[in-house]
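J.: Here's the letter readout for the chains.
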Amino acid sequence: MEIPYTVEVRPDTGLYNAKMGIWLFLASEVMLFGALFSSYVILRTGNPDWVQHPMNVGLATLNTMILITSSVTVIMSWASLRLKDFAKFRIYFLCTLLLAGCFMVVKAIEYNQEFSQGLFPWSDNYMGIYFTLTGLHGLHVVGGMVVIAYLLGPGAKMWKTAPEQYVNRIESVGLYWHFVDLVWIFLFPSLYLL
Amino acid sequence: MSSIDEQHPEEVPELSEEAHVGVHHEDHGHQEESFIWKYIFSTDHKVIGIQYGITSLLFLAFGFTLMLIMRWQLGNPGQPVPFIGNLLGQANAPGGIVLPEFYNQLGAMHGTIMVFLGVVPLAVGAFGNYVVPLQIGAPDMAFPKLNMMSYWVYFLGGVVMLSSFFAPGGAANSGWTSYPPLSVAVATEGQTYWLIGMTFLITSSLLGSVNFIVTIVQLRTKGMTWMRLPFFVWAQLVTAFLLLLAFPPLQAAGVFQLMDRVLGTSFFLPSGLVVSNQVLQVAGGGSALLWQHLFWFLAHPEVYVLVLPGMGIIAEVIANNTRKPLWGYKPLVYSIIFLGFMSFIVWAHHMFMTGMGTVMNAFFQTTTMIISIPSVVILTALLLTLWGASIRFNTPMLFALAFLPMFGIGGLTGLPLGLSPSDIHLHDTYYVIGHFHYVVAPGTIFALFAGIYYWYPKVTGRRMNEMLGKIHFFASLVFINGVFFPMFLQGLAGVSRRLYDGGATYSHAQGVLEWNAFMSNSAFLLGLAQLPFIFNFFWSIKKGELVDSNPWQATTLEWVATTSPPLGHGNFETMPVVYNGPYEYSVPGHDDDYLPQNMAPQEG
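So the sequence lines, in the order shown, correspond to chains A and B. Per the working numbering, the first sequence runs over residues 1 to 194. Per the working numbering, the second sequence runs over residues 1 to 604.
Just so you know, these hints were derived from the structure itself, not from any lab. Treat the hints with care, since some could be wrong.
[What the hints assert, rightly or not] Label pairs and their calculated CB-CB ranges:
| hint | chain 1 | residue 1 | chain 2 | residue 2 | range |
| --- | --- | --- | --- | --- | --- |
| 1 | A | Thr6 | B | Lys542 | 34 to 44 Å |
| 2 | B | His569 | A | Glu8 | 19 to 29 Å |
| 3 | A | Ala27 | B | Leu384 | 33 to 43 Å |
| 4 | B | Val159 | A | Glu8 | 32 to 42 Å |
[Claimed, not checked] SDA-like mimics (lysine to any residue), calculated; alpha carbons at most 20 Å apart, straight line:
| hint | chain 1 | residue 1 | chain 2 | residue 2 |
| --- | --- | --- | --- | --- |
| 5 | B | Lys222 | A | Val7 |
| 6 | B | Lys222 | A | Asp12 |
| 7 | A | Lys19 | B | Leu146 |
| 8 | A | Lys19 | B | Lys145 |
| 9 | B | Lys222 | A | Val30 |
| 10 | B | Lys145 | A | Leu151 |
| 11 | B | Lys145 | A | Phe25 |
| 12 | B | Lys222 | A | Val9 |
| 13 | B | Lys222 | A | Glu8 |
| 14 | B | Lys222 | A | Pro4 |
| 15 | B | Lys145 | A | Val146 |
| 16 | A | Lys19 | B | Thr505 |
| 17 | B | Lys145 | A | Gly155 |
| 18 | B | Lys145 | A | Val147 |
| 19 | B | Lys222 | A | Thr13 |
| 20 | B | Lys145 | A | Met158 |
| 21 | B | Lys145 | A | Val7 |
| 22 | B | Lys145 | A | Gln165 |
| 23 | B | Lys222 | A | Arg10 |
[Stated by the list, open to error] Not close to chain A: a few residues of chain B, all C-beta gaps over 10 Å, as computed:
| hint | residue |
| --- | --- |
| 24 | Phe247 |
| 25 | Ser271 |
| 26 | Met467 |
| 27 | Glu545 |
Just so it is clear, the structure is predicted and the values come from calculations on it, not from any experiment. Ideal Cβ placement from N, Cα and C applies to all residues, glycine included.
Can you make the complete structure from the sequences, with help from the hints?
T.: The structure is reproduced here in structure tokens:
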């Protein structure tokens with residue numbers, strides 16, 4: 001027997017299963033990053049000798065731009081697919097993947113600069129927090145890239161076999177991607193500017 | 001009419017044969033591919049539920065054994081452990097005599113294994129997985145592949161935890177709470193294993209909780225409105241929300257502690273920390289209290305994760321065996337939801353003695369007193385359900401009836417701990433151990449036993465032996481109280497819970513020292529009392545009394561709408577439609593004393 005509401009929407013909740021699943025997953029992620037940010041606040045306010053190293057705000061601004069752009073392209077890809085324009089979808093989705101790659105490259109350059117200045121996770125708690133939070137965020141970006149690459153490559157067959165479900169998958173990935181973007185929007189000011 | 005009539009009786013024996021293989025699949029070394037996909041990497045919620053059940057019962061037995069070794073040391077300090085003493089390793093127990101360092105490992109791992117690998121996977125992974133889709137009329141969980149992944153990630157977490165015993169220096173030894181700086185600056189490599197193992201377990205519970213919530217919200221069959229959900233499903237829903245939202249902060253804390261241990265950061269290490277007369281060479285500036293906040297933010301809701309599914313099981317069993325509707329179904333539902341919310345804002349009552357300040361203490365003792373209200377409502381409603389009933393005293397019901405006073409003792413003894421003035425005296429004594437074990441052991445574990453006896457016929461098509469079940473029950477009830485009640489006496493006398501010799505070297509403990517041997521002997525007898533259960537569990541798979549699909553004359557869908565065991569894929573022949581509330585027992589004007597949830601109202 002088929003599991004109901006995998007594709008179509010359940011009338012009384014207005015959701016298909018995966019969409020509800022991804023929202024719940026994101027709720028859990030909010031608690032994860034909420035705890036990480038709270039810990040940052042507690043460690044920083046509780047330590048009179050807190051040291052704040054000057055970070056590369058320029059590169060971080062560039063990365064902010066990159067991620068915001070990728071959030072736009074991921075919406076465009078989903079919208080194109082809803083309009084059944086698969087070619088356009090592929091272009092936008094590929095752009096998202098490439099932008100995510102750019103973000104990671106810039107991040108690697110930044111890490112490299114910090115290492116060359118002798119700043120490591122164990123140098124002090126500011127650097128510890130910086131590397132832990134940006135590292136975990138980076139892992140989320142990489143995770144998103146893997147899923148996007150899969151849906152562009154072998155996963156794209158589904159467009160032929162179950163197009164509606166494929167569109168749903170793209171929507172779920174889009175929701176996740178926006179969350180990853182949003183985390184960065186909080187990370188950028190709290191780590192680089194404040 | 002009900003779909004009992006639609007079942008094909010000739011299918012039942014064939015299906016039960018399947019389930020028998022499923023129940024002890026680990027004993028069979030079949031190499032056929034179909035076997036692997038059917039029973040090892042199955043996506044069927046029933047098989048996954050059985051996998052969870054077997055694995056978690058094995059972990060419970062293992063955690064129990066760790067405790068028996070500790071109790072041997074406490075009851076007979078300095079004596080070699082009998083039977084298994086030589087297997088413990090020369091580094092841990094030379095000549096079979098437990099070393100203090102090993103005792104610490106046993107304590108930490110007993111707690112970790114019982115909570116994260118035993119009780120929760122049994123209550124949620126096994127019972128939730130098997131029963132929830134059947135009770136709400138769903139063909140499976142919403143995400144069957146995630147469900148499979150959730151089990152295997154849990155399994156990996158268990159393997160990592162077990163392998164930590166072979167790590168250099170042994171397993172984690174800083175308590176199941178893993179408080180830094182001890183767990184960072186002093187603990188051996190096993191602590192790193194612990195953190196990695198916890199990451200697997202947290203991932204598993206995240207996948208599971210998303211699956212449960214989506215299943216319960218989305219896959220309820222036609223007519224299964226919120227107020228027609230069996231209370232067990234409500235309990236699982238609230239539990240899933242607790243797991244979903246409370247575990248991530250522990251994951252954050254685990255990442256920080258892993259960074260502290262592996263990369264040398266000092267999130268939890270304050271400046272100028274001295275270990276073994278040496279100032280620790282770290283940057284410092286961290287906060288040890290931060291870990292406690294993050295840990296208890298999970299671990300207090302975790303207490304409710306342990307007990308809520310148990311309450312759900314008890315509600316099912318009590319309604320079924322009193323042949324009455326639950327007294328106050330709606331108050332029960334509202335209470336359990338309120339309990340779920342409140343459980344997020346009581347965590348720091350575990351930290352009254354850390355010096356976090358009187359304002360914080362006042363806030364958290366107030367919320368702690370408030371959270372006792374819904375617990376009391378639930379217990380009272382269950383108790384009042386018994387009023388005027390002609391009770392059927394079968395084995396599941398005996399465990400359910402024992403749950404009420406046992407959980408009651410656990411709950412009431414918690415009040416003095418939740419008030420910061422009395423907690424000053426009781427904190428970190430055996431009183432605390434007695435309190436939470438009453439909640440979890442004769443509380444939750446009795447509820448889980450009730451669940452095993454109750455749903456066993458659904459899984460196997462056969463009932464467990466009643467005589468053996470009653471021996472198991474009465475012996476367990478006597479001995480488990482023998483283990484835990486004297487802990488209150490010792491704790492009130494001020495005996496610390498962490499002493500390797502059980503307090504032999506402390507003058508204030510001398511008056512209550514004789515209880516150590518009593519408690520230890522009770523624990524060994526409690527172990528013996530489980531033998532009838534283990535025998536019964538396996539014997540009944542083949543030899544138990546054959547029963548029809550609804551041996552308890554119950555009303556909920558898992559009993560009235562499908563066979564025992566349910567159909568392999570999809571559970572139901574046709575999707576059931578629900579017309580009635582979950583506990584329509586002894587309805588006036590109805591012929592039977594139970595009205596199945598899927599029975600349509602008759603014309604006229």
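J.: Failing hints, ascending?
T.: Going through the list in order, the structure violates hints 9, 16, 24, 25 and respects the others.
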